[in-house]
Every structure is written in C-alpha cells, then in structure tokens.
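S.K.: Protein chains in written order, with this note's numbering: chain C, 2 to 265; chain H, 7 to 273; chain S, 576 to 758.
Hints were generated in silico from the structure; no laboratory data involved. Hints may be right or wrong, so weigh each one.
Unchecked claim - What follows is a list of derived Cβ distance ranges for each label pair:
no.	chain 1	residue 1	chain 2	residue 2	range
1	S	620	C	177	47 to 55 Å
2	C	66	S	719	36 to 44 Å
3	H	150	C	21	36 to 44 Å
4	S	664	C	249	47 to 55 Å
5	S	602	C	249	44 to 52 Å
6	S	664	C	26	55 to 63 Å
7	C	66	S	650	50 to 58 Å
Cβ atoms here follow ideal geometry from the backbone N, Cα and C, with glycine treated the same way.
Chain residues, written in single-letter form:
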Amino acid sequence: MIKRSRLRPLRTLGHGFIKRIWRLGAGARLFWLTLISSGESFRRFHLTIREVYFTGVMSLIIIVVSAFFVGMVLALQGYNTLQRYGSSEAIGVLVALALVRELGPVVTALLFAGRAGTAITAEIGLMKATEQLSAMEMMAVSPISRVIAPRFWAGVIAMPVLNVLFCMVGILGGYLVAVPLIGVDAGAFWSQMQANVDWRLDILNGVIKSVVFGIACTIIALFEGYDAPPTAEGVSRATTRTVVTSSLVVLGLDFVLTSFMISL
Amino acid sequence: MTQNIVEIDNLSFGYKGRMLHQGINMVFPRGKVVAIMGGSGSGKTTLLRLIGGQIKPTKGEVRVDNQVVHTQTREGIYQLRRKMGMLFQHGALFTDLSVYENVAFPMREHTDFPESMIHDLVLMKLHAVGLRGAHQLMATELSGGMARRVALARAIALDPDIVIYDEPFAGLDPISMGVICDLIRTLNDALGTTSIIVSHDVKETFSIADYIYFVANGTVAAEGTPDDLIKSTLPFVHQFVHGEKDGPVPFHYAAGDYKQDLLGYEV
Amino acid sequence: MERTTIDLWVGIFVALGVAALLGLAMKVGNLTTASIGETYTVSANFENIGGLKPRAPVKSAGVVVGRVADITFDPATFEAVVSLSVDKRYSFPKDTFANIYTAGLLGEQYIGLEAGGDEAALKNGDKISQTQDAVILEKMISQFLFSKASEETKDSAPSKASGSSESTKIDDDALGANPLDAL
Numbered sequence: 002m003i004k005r006s007r008l009r010p011l012r013t014l015g016h017g018f019i020k021r022i023w024r025l026g027a028g029a030r031l032f033w034l035t036l037i038s039s040g041e042s043f044r045r046f047h048l049t050i051r052e053v054y055f056t057g058v059m060s061l062i063i064i065v066v067s068a069f070f071v072g073m074v075l076a077l078q079g080y081n082t083l084q085r086y087g088s089s090e091a092i093g094v095l096v097a098l099a100l101v102r103e104l105g106p107v108v109t110a111l112l113f114a115g116r117a118g119t120a121i122t123a124e125i126g127l128m129k130a131t132e133q134l135s136a137m138e139m140m141a142v143s144p145i146s147r148v149i150a151p152r153f154w155a156g157v158i159a160m161p162v163l164n165v166l167f168c169m170v171g172i173l174g175g176y177l178v179a180v181p182l183i184g185v186d187a188g189a190f191w192s193q194m195q196a197n198v199d200w201r202l203d204i205l206n207g208v209i210k211s212v213v214f215g216i217a218c219t220i221i222a223l224f225e226g227y228d229a230p231p232t233a234e235g236v237s238r239a240t241t242r243t244v245v246t247s248s249l250v251v252l253g254l255d256f257v258l259t260s261f262m263i264s265l
Numbered sequence: 007m008t009q010n011i012v013e014i015d016n017l018s019f020g021y022k023g024r025m026l027h028q029g030i031n032m033v034f035p036r037g038k039v040v041a042i043m044g045g046s047g048s049g050k051t052t053l054l055r056l057i058g059g060q061i062k063p064t065k066g067e068v069r070v071d072n073q074v075v076h077t078q079t080r081e082g083i084y085q086l087r088r089k090m091g092m093l094f095q096h097g098a099l100f101t102d103l104s105v106y107e108n109v110a111f112p113m114r115e116h117t118d119f120p121e122s123m124i125h126d127l128v129l130m131k132l133h134a135v136g137l138r139g140a141h142q143l144m145a146t147e148l149s150g151g152m153a154r155r156v157a158l159a160r161a162i163a164l165d166p167d168i169v170i171y172d173e174p175f176a177g178l179d180p181i182s183m184g185v186i187c188d189l190i191r192t193l194n195d196a197l198g199t200t201s202i203i204v205s206h207d208v209k210e211t212f213s214i215a216d217y218i219y220f221v222a223n224g225t226v227a228a229e230g231t232p233d234d235l236i237k238s239t240l241p242f243v244h245q246f247v248h249g250e251k252d253g254p255v256p257f258h259y260a261a262g263d264y265k266q267d268l269l270g271y272e273v
Numbered sequence: 576m577e578r579t580t581i582d583l584w585v586g587i588f589v590a591l592g593v594a595a596l597l598g599l600a601m602k603v604g605n606l607t608t609a610s611i612g613e614t615y616t617v618s619a620n621f622e623n624i625g626g627l628k629p630r631a632p633v634k635s636a637g638v639v640v641g642r643v644a645d646i647t648f649d650p651a652t653f654e655a656v657v658s659l660s661v662d663k664r665y666s667f668p669k670d671t672f673a674n675i676y677t678a679g680l681l682g683e684q685y686i687g688l689e690a691g692g693d694e695a696a697l698k699n700g701d702k703i704s705q706t707q708d709a710v711i712l713e714k715m716i717s718q719f720l721f722s723k724a725s726e727e728t729k730d731s732a733p734s735k736a737s738g739s740s741e742s743t744k745i746d747d748d749a750l751g752a753n754p755l756d757a758l
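Pulled out of the complex, with its shape left as it was, chain C reads as follows (with noise of 0.2 Å):
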C-alpha cells in the first residue's frame, strides 16, 4: 500500500504523458479525416461562408481594436528609444516590420483562439453532448464533413484575412501617433517603410506564418470540442484546453517557422 502511493506522482507523470501522446495521434487523425472529407465543404461552399461568419466577421472588432491599439503602443515605445539615435524616421519600419513579421500573425492568431477557438470548441461539444453529432450520424450524414469540415475551412480562411488587417490596422494606428502625434515627417515614415519591408521575405511570409496558424488554431479547437466529455464541465475544460494548446503551438510554431524563414 505504501509502496503503491510513493509511485503515485510516478505513475501520474507517465499516465498524463501517454494521454498526451494519443491526443496528439487522435487529432492527427481527426486532421486527416477532415483534409479527406473536405469535398462537401466545396461542394455546398455556402456552409463554409456561413462560418467564416461566425468566425471571421465576429472576430473582426476584437482584432481591428487590438490591432490599432498594439500600432499605437508599438510606435510610442519605439520613437522612445530611435529619437535617443536620431533616426525617429525608422519608426515606420520598426512599426511596420514588427506588426508584418511577428505581431500580425502570433497575436491576431492568439486572439483568434480566444474568440473563435472557444466558440468552436464550445458548439462542437454542445453538440455532441445533445446528441446532435450522433443524430447526424444516424441520418447517414458524416459529422466530419457537414460539421468540421467547413468550420476548419473557414477558420484557415478566415485567419489570414484577419491578418492582414490587423498589420494595416496597426500600421494605420502607429501612423497616427508618429505622424500627427509626435510630428515624425509623413514622407520620411512611408519611405523608410517602403525601402525596407519586403513584399516576399516579410509581407508573404507573414501571411504564409497565419495560414499555419489558421490550421493549428481551428484543428485545435475543433478536436477538443469533438473529443470534449459530454458533460457541462467537460465542455468547459475542453474550452480552456483549446486557448491553452492553442497559444502554445502558436508560440512555438513561431518559433519554428522563423528561423526557417530567416535561413532561407
């Protein structure tokens, strides 16, 4: 007996790193079976449209208001520290790379899993919690394809275009404190802006670093939500898991997709 509960913490260790292990493989698979039953999401595209609705348009305050405000902050602390070397013109590139490069896709995609995440994972496990998942399923209808598959589809659609506007709107919000603000030359902050950000090495890679995000972020949500216990806590620790996981894979993706960037 007392052997037994000196192992515990042992024995809790190997059991939750199993259970994250088949996690991983059951959401693989569940990615799988979402990329191979994707036609109908096509097919019938008004039920993808329907939730890049839902997860998209219902996300863009969130994202216009952030963004605009990251930009202000972005270009306040930056001119702080360029004025001390006499070249607060670089303003715009600072403002512009950072939001084009890093903070465009990480933060757009950490609060695309807070507002659209959670919703996913809460609707899929509300429904299969009311039986609607096998409801379907008993009408001969896949819940993969007619329920997950175009939610995944509207979510990498969706995040990209999230993306983009948040540089623009946080480009637009770091103008307005540069420019009218502090007094930084207007031509001097597009021109600097324009000579050193890349259409390819930044803008396109920017965008490239979203659309992994968009996959990671709404397979993410969409496999808790599907494997969530139909109870109302399950429901609930399923929905904090996907924000968790979510940010994680984020962060560390980024990290990934960097430094393969940088090197090439």
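Chain C is already provided as a structure; the job is to place chains H and S on it using the hints.
M.R.: Just chains H and S now, with coordinates in the frame of chain C:
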C-alpha cells in the same frame, strides 16, 4: 422480402471484458411496434446503437433488411441508415437551425428536391405531428414535448422503413406523453413502418406495443405480447411491471462483503 | 440569420482582407519599387563588398535602376562577384564605374553606377571592370591613425630632443579625435 426487417442473432457485446449482452436473439417484424424494455443500465440504448451500426458486436450479428450490419463498409452502413429514422432521448435537434430547417435537414442532405417540394414535405411532416404553426421557431425555443415531436417529424422526413425511438417518454409531462404515445402508433400504422421502442415506462409502452422484449443481465429475460407479460409470473417481469423495489433485480449494486468494506479500511 | 446577409458580410470581410493585402503590398512593402519589369544582368568584381546584401538597390544619380541579384565568392581571384539586375529601360556605357556606397553613416549599402564615356553599351552578361570597394569604417580609422602617426614622426625627425615627446602628444590628440567617439 422476408417478414422480419431487423433480426438480432445470438448477439454478444461488451466493453473491456465486461459483457453487456450475451446471446441475445430478437426479431422485429415489418409493420409492427416492438418494444425493448429493461432497467436503467441494462444496455437497451446500446442495442439501438448496434442496430444503427454505430458500434460493432463482439459476437453474433444484427441484420437489417437481410444485410449484416457490422460487415458493411462505411458507405454500406450509411445506405442502411437511410432506411432508419431515429428519435433521440432528448430530441437532439440542431440548435442552430429553425424547426423548419431541422425537418428539412435530411432532405437537403440526401435528396436534390427543389425548394418548393422540400417546403411542402416539411409542412406535411410538421402537420402530422401537429406543429405546422411552429415552423419558424428556433429549436431552442421549444418545450421538451414539442422538441420531441419536431424530432419525430425529422425522423420520418424521408419515410424510413424503420423508426427507432430511444426513451420517447422520458421526462415528459402526462399530456405530451399521451401525444407522443398516440403519434407513435398512428404514424406506424399510417406509414406502414416498423417501430422499435426502447423504454422503461411500463404503462405507455404496454399500451402501444405489439410485442415486448424484456432485457435483464445481458439476456432476453422475457418476451411476449403486453397481455402475456402482464399475466406473466416470472419474478423479474413481475417486479418490473409492478415497480417493486427489491426482487430479482437487486437493490444493491454488486459489492464485496459489507463488514469487510467497513472494517478492513487501510491507508 | 438570412443566408444572403451572411454572404454579404463575408463578402465585405474578404474584400477588406484583399484591400488590406494590396495596401500592405503597395503602401508598406516594396512591391511597387521591386517590380522592375525586364532586366539584364551584369556582374562586377569587388575585393571587399563590406555589408552589401542581395536585393540591395542599384542606383545611378540617386535613382534606383536595379537590384543586386546575387553575391558569390570567386575562389580563383579571392574576389566577390556581384551580379546586378538592371532595368532594361536604362542602358549604361561599357566603361561604367561601380561603387559600393553607404546610405548615411551607418545606413544600408547600395551600389552606385557612374556612367563613363564609351560608345558601346553594357549587354546582358557583361562585366563591369572598374569598381571601387566598400568603405570599411574600421579600416579607414586605422589608416587615418597610421598616416597621422607617420606624418608626425617625419615632421619631428630633425629635432630629436623634443621629437619623441611631441609625437606622443600628437598621437594622443589623434586618439582623442577618435572618430568612433562620434558614434
């Protein structure tokens, strides 16, 4: 065309070594209302899932329309399911759709009917359950009894050969219960479908069923027409039909020695 | 909600996204300046390119006329080979002079082309023979210090008595005026 649309043959099923069903045999003749009764946790709903092909039996087989369910491919199972309509315990209506869209759902998924035809069919089905006037409501705005009637309209949307009812009376007020009871019988006779009812509500089930199977301890404990069963002297059936607390179905869940459990506690 | 309303909103959403992407490309990125149409490639050898990077601008009279396409190292001559993509619209004489300049004191490095007087123009695959290396700041500073020091020793050579002390003093001055302080 055989006389029985669903046949369960020597079926055994269990999770992780614990057998839920052992050697169950049942037949469901066409056009009849057949009920499966038994206590909570006796695996009645699992039987329905076996018929629907959602799980595979450990041993034996289920045949629907002469086709063995568990050997079918995914596509084959979907083909079989199109012959079935299922009414879930709590309705399982799609909460993001209106009543109209819920009933139209199977038609939109499986047919290419034009919108005008879907419109007429949906209103006909809703009329049959008495809720034509509620077609524009959202599924979340319905009471429990109404939700179940809409779910019934959805289950019969494509005129299935078999309608499966999972606990259709659970948690309803007496009026709704009577309405559902009546609907099951009239729809069965009007559409010529076979109805399979899983329930533990004795009075309602006995009033509409043509034939009843009693499931206990993983086997068919008794079977017969309602009249036979009421007269039955089998101790289990007697306990169930008359709702007695103790009998062949024990009050206590299987446990170790009581004294040992209380005194033998060790850290 | 009505399907048409949803479609409308999603349409607006995607249109906004496309507009933002175009805005990023045109206003923020260098898509407009980078999209030089047809180009021809010429190469130039440099002993030292300093901090020149691929995609750095190639300017003539301050106007961007092309970009650095590629930088390689020639193991035979131990020189850097820089290939330049120059806009087809601009042709340069064969004896054009290529310099590596720095924008401002610490800015990015670019290549400046100074046209010569030759009748024949540079063609695709030609080589610019007259080049000037990048100015390496550290090299310049050390050269400056050495020349200062040697000047002083030469000047003070006749008067041996005070020579050494004076030279050290001037040396100190030179160190005091270390251009690095200005950074």
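S.K.: Is the hinted range of 50 to 58 Å satisfied by the C-beta distance from residue 66 of chain C to residue 650 of chain S?
M.R.: holds, 57 Å
S.K.: Taking the beta carbons of residue 150 of chain H and residue 21 of chain C, is their distance inside 36 to 44 Å?
M.R.: Check passed, 40 Å falls within 36 to 44 Å.
S.K.: Could you say whether the range 47 to 55 Å given as a hint is met by the Cβ separation of residue 620 of chain S and residue 177 of chain C?
M.R.: The hint (47 to 55 Å, Cβ to Cβ) holds, given that residue 620 of chain S and residue 177 of chain C are roughly 48 Å apart.
S.K.: 55 to 63 Å was suggested as the range; check whether the CB atoms of residue 664 of chain S and residue 26 of chain C agree with it.
M.R.: Holds, since residue 664 of chain S and residue 26 of chain C (Cβ atoms, about 58 Å apart) stay within the stated range.
S.K.: Starting from the hint 44 to 52 Å, judge whether the C-beta atoms of residue 602 of chain S and residue 249 of chain C obey it.
M.R.: Violated: the Cβ-Cβ distance is about 34 Å, outside 44 to 52 Å.
S.K.: Falls inside 47 to 55 Å, the C-beta gap from residue 664 of chain S to residue 249 of chain C?
M.R.: Once the Cβ atoms are compared, 52 Å apart, the range 47 to 55 Å for residue 249 of chain C and residue 664 of chain S holds.
S.K.: Using the Cβ atoms, figure out if residue 66 of chain C sits within 36 to 44 Å of residue 719 of chain S.
M.R.: Because 55 Å falls outside the window, the suggested range is violated.
In summary, the structure is inconsistent with hints 2, 5 from the numbered list given earlier, while agreeing with the others.
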